[in-house]
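Asks: The lines below spell out each chain.
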Amino acid sequence: MELSGAEIVIQCLKDEGVEHVFGYPGGAVLHIYDALFQQDFVKHILVRHEQAATHAADGYARSTGKPGVALVTSGPGATNAVTGIATAYMDSIPMVVLTGQVPTPFIGSDAFQEVDTVGITRPCVKHNFLIKDVRDIAETMKKAFYIATSGRPGPVVVDIPKDITDPNKKIPYDYPKKIKMRSYSPVLRGHLGQIKKAVGLMLSAERPVFYTGGGVVLGDASEELRELTRELGFPITNTLMGLGSYPASDKQFIGMLGMHGTYEANMAMHDTDVLIAIGARFDDRVTGHIAHFCPNAKIIHVDIDPSSISKNVRVDVPIVGPVKSVLQDMLTVLKEGKKRPNSAALKKWWQQIDGWRGAECLSYDRTHAQIKPQFAIETLHKVTRGDAFVASDVGQHQMFAAQFYGFDKPRRWVNSGGLGTMGFGLPAAMGIQIAHPGADVALVTGEASVQMCIQELATCKQHDLPIKILLLNNGYMGMVRQWQEFFYDGRYSHSYVDALPDFVKLAESYGHVGMKVERPEDLEGAMQEAFDLKDRLVFMDVVIDPTENVYPMIEAGKGHHEMYLPPKSELV
Amino acid sequence: MRHIISILMENEAGALSRVAGLFSARGYNIESLTVAPTEDASLSRMTLVTRGDENIIEQITKQLNKLVEVVKLLDLSEGPHVEREMMLIKVKAERSQRDEIKRLVDIFRGKIIDVTDASYLIEMTGQASKLDAFVNAVEEDLIVEVVRTGPSGIARGAKGLSL
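Note that the protein sequences, when read in sequence, are chains A and B.
All residue numbers for the first sequence refer to my numbering, where the first residue is 121 and numbers rise by one.
All residue numbers for the second sequence refer to my numbering, where the first residue is 691 and numbers rise by one.
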């Protein structure tokens with residue numbers, strides 16, 4: 121088969137089984153777009169801004185586990201994509217981003233729409249490539265997908281100069297079946313000796329806690345995690361990225377941990393004697409002040425990336441390997457051995473945890489005349505029977521969604537945890553909806569975040585994406601306002617979002633359904649109506665209490681035992 | 691503590707900037723860095739000198755290993771090894787000073803590789819501390835310029851850092 125460079129790029133996507141590409145055309149990728157036009161296996165979703173192409177590919181990847189693919193042009197196309205690439209990098213999302221580049225003879229000449237894409241993206245990709253010869257396209261594409269999806273996943277950028285895709289220069293095409301790289305070989309199994317040591321430590325524990333993160337979701341290890349946790353009877357807390365990897369409705373689940381984690385989760389972390397960290401990276405929002413972090417614990421850490429281990433916190437039993445196989449091995453070791461967990465100690469531990477649960481740290485005022493954001497999320501859970509894909513932007517609404525939706529399944533909660541990218545939500549929701557056409561996809565957002573990629577309402581219209589947007593409208597950048605209230609004596613410097621559009625009219629002008637909800641008693645009915653409109657995007661502008669804060673809260677730099685609880689909580 | 695790390699990496703455009711970028715992005719310091727192709731043209735060998743406590747060095751080696759183009763690396767400081775650095779130093783050498791400088795070069799086993807009626811160009815290899823000592827031994831206002839390669843290193847013993 122003789123193909124041009126442009127045709128090879130598309131054929132490689134086919135051979136990788138890529139059905140959807142999110143992109144935006146431009147000069148440097150015109151040959152590729154022409155090849156795309158002449159086939160119908162790879163479907164292209166035209167976004168309105170390249171940032172959205174990467175976020176949408178990201179949402180697609182997070183909700184499916186398959187690599188997301190974005191295609192953008194050189195120069196501004198590539199720089200616009202950078203935010204989305206960095207977002208995916210921070211959360212280890214498998215993604216391949218194809219960027220056009222000026223023709224090779226022009227590289228370095230400050231040509232029209234030229235930037236050093238490989239240079240700009242280097243610090244925020246797992247790897248990147250600049251292809252300089254048409255004969256290298258197939259192998260590079262194979263490497264890109266292999267690197268993006270194996271080991272600790274991440275985004276890979278492939279920069280393709282225009283002359284490499286010349287439609288008149290055809291060469292024989294052969295897609296490599298396998299790829300082996302001497303400089304890149306992810307670990308496939310955890311060290312059995314370390315695993316046995318870890319199991320021994322777990323069985324000797326009196327106050328153990330599982331602390332699990334996004335790695336369990338990325339590694340498709342939820343079932344194994346559930347089995348191990350139930351087998352041992354230990355409490356389990358999830359990070360923001362790990363939500364859904366263990367069912368929130370299960371009695372062993374003690375909620376999210378960290379800055380806005382539950383009282384019981386953070387106190388359990390503080391008092392634990394054996395911490396079992398799985399696919400989590402001891403992020404500063406989770407650990408608080410390192411000196412106060414799990415002061416009495418022996419720490420077991422399972423991670424596929426050796427550099428995550430002992431990066432922020434020294435651990436006692438490091439295990440490098442894929443979470444899934446390590447958990448399987450742990451289960452085998454556990455079942456083969458005779459020793460069982462210390463049930464007397466565990467009983468006491470659970471009594472203590474139940475005591476902390478009694479603080480009802482997620483309580484809020486249910487009698488308030490205005491809609492409380494917590495109530496809005498609970499209503500969303502009720503209307504969608506807890507089974508929706510929920511994307512969010514970044515801020516208070518994100519924390520409320522994380523705390524109150526109660527995710528029971530992995531890959532249902534899609535948010536930018538590491539980079540904290542406002543504007544992520546709407547395009548991410550598009551990616552989810554493309555991947556799951558019949559499913560309920562909700563976007564929980566704020567009036568500040570949603571405006572950062574609001575133009576994507578047009579993409580939703582063009583591609584018939586019936587996302588349900590739950591805009592928790594408090595008129596403020598809520599999280600900024602909260603910090604200003606707590607730490608800047610209420611000097612609300614530039615956190616008030618004045619001059620908001622009429623979101624109902626805005627949605628309607630894009631051809632969608634708009635709704636405004638202002639009273640708590642109207643919310644469930646309105647939401648039900650919205651979700652009943654199966655084939656329409658519905659934009660619900662929900663006016664909420666502007667003074668509500670996210671509780672509990674650990675101030676940055678404080679320990680897990682130093683939490684602010686909601687004003688009405690019994691412990692305050 | 692000072693560490694000398696030897697890295698075998700793919701000889702590809704951009705590999706060097708990945709290493710340099712890693713150090714600046716994560717706030718590690720590079721004291722010196724040398725790189726050149728090996729007997730296998732597809733591989734480069736880099737010697738990098740850095741400083742940091744145990745935790746930092748552990749992160750540096752892990753992060754370097756994570757770079758897709760890094761094939762293998764070894765912290766030479768962990769075992770017996772040899773380090774050599776080359777220096778080219780140009781000094782003023784006029785009548786009265788010529789003999790004295792020549793003697794000093796001989797003591798340090800250096801070579802004078804270019805001569806004018808007013809200067810010597812001296813080549814010298816050795817451990818960094820020896821080169822420092824020579825620079826200190828020459829009167830400061832006689833030094834015209836100093837060019838140093840930074841250390842290259844190799845482990846002692848029969849084993850090599852190879853594929």
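In short, the hints are calculated from the structure, not lab data.
Note that the Cβ used here is the ideal one computed from N, Cα and C, for glycine as well.
Errors might be hidden in some of the hints.
To be verified - Simulated pairs of lysine-lysine, DSS-like, Cα-Cα distance not exceeding 25 Å: (1) A:K418 with B:K762; (2) A:K431 with B:K820; (3) B:K782 with A:K300; (4) A:K431 with B:K782; (5) A:K300 with B:K762; (6) A:K263 with B:K820; (7) B:K756 with A:K298; (8) A:K186 with B:K780.
Said to hold, decoys possible - Derived Cβ-Cβ restraints for the label pairs, each shown as a range: (9) A:G320 with B:P727: 23 to 33 Å; (10) A:E326 with B:P727: 52 to 62 Å; (11) A:E139 with B:G704: 23 to 33 Å; (12) A:I291 with B:G711: 28 to 38 Å; (13) B:A845 with A:F232: 25 to 35 Å; (14) B:E830 with A:H681: 40 to 50 Å; (15) B:A845 with A:K459: 36 to 46 Å.
Asks: Looking back at the hints listed earlier, which ones does the structure fail to meet?
Replies: When the structure is compared with the hints, numbers 1, 2, 3, 4, 6, 8, 9, 13 and 14 turn out to be violated.
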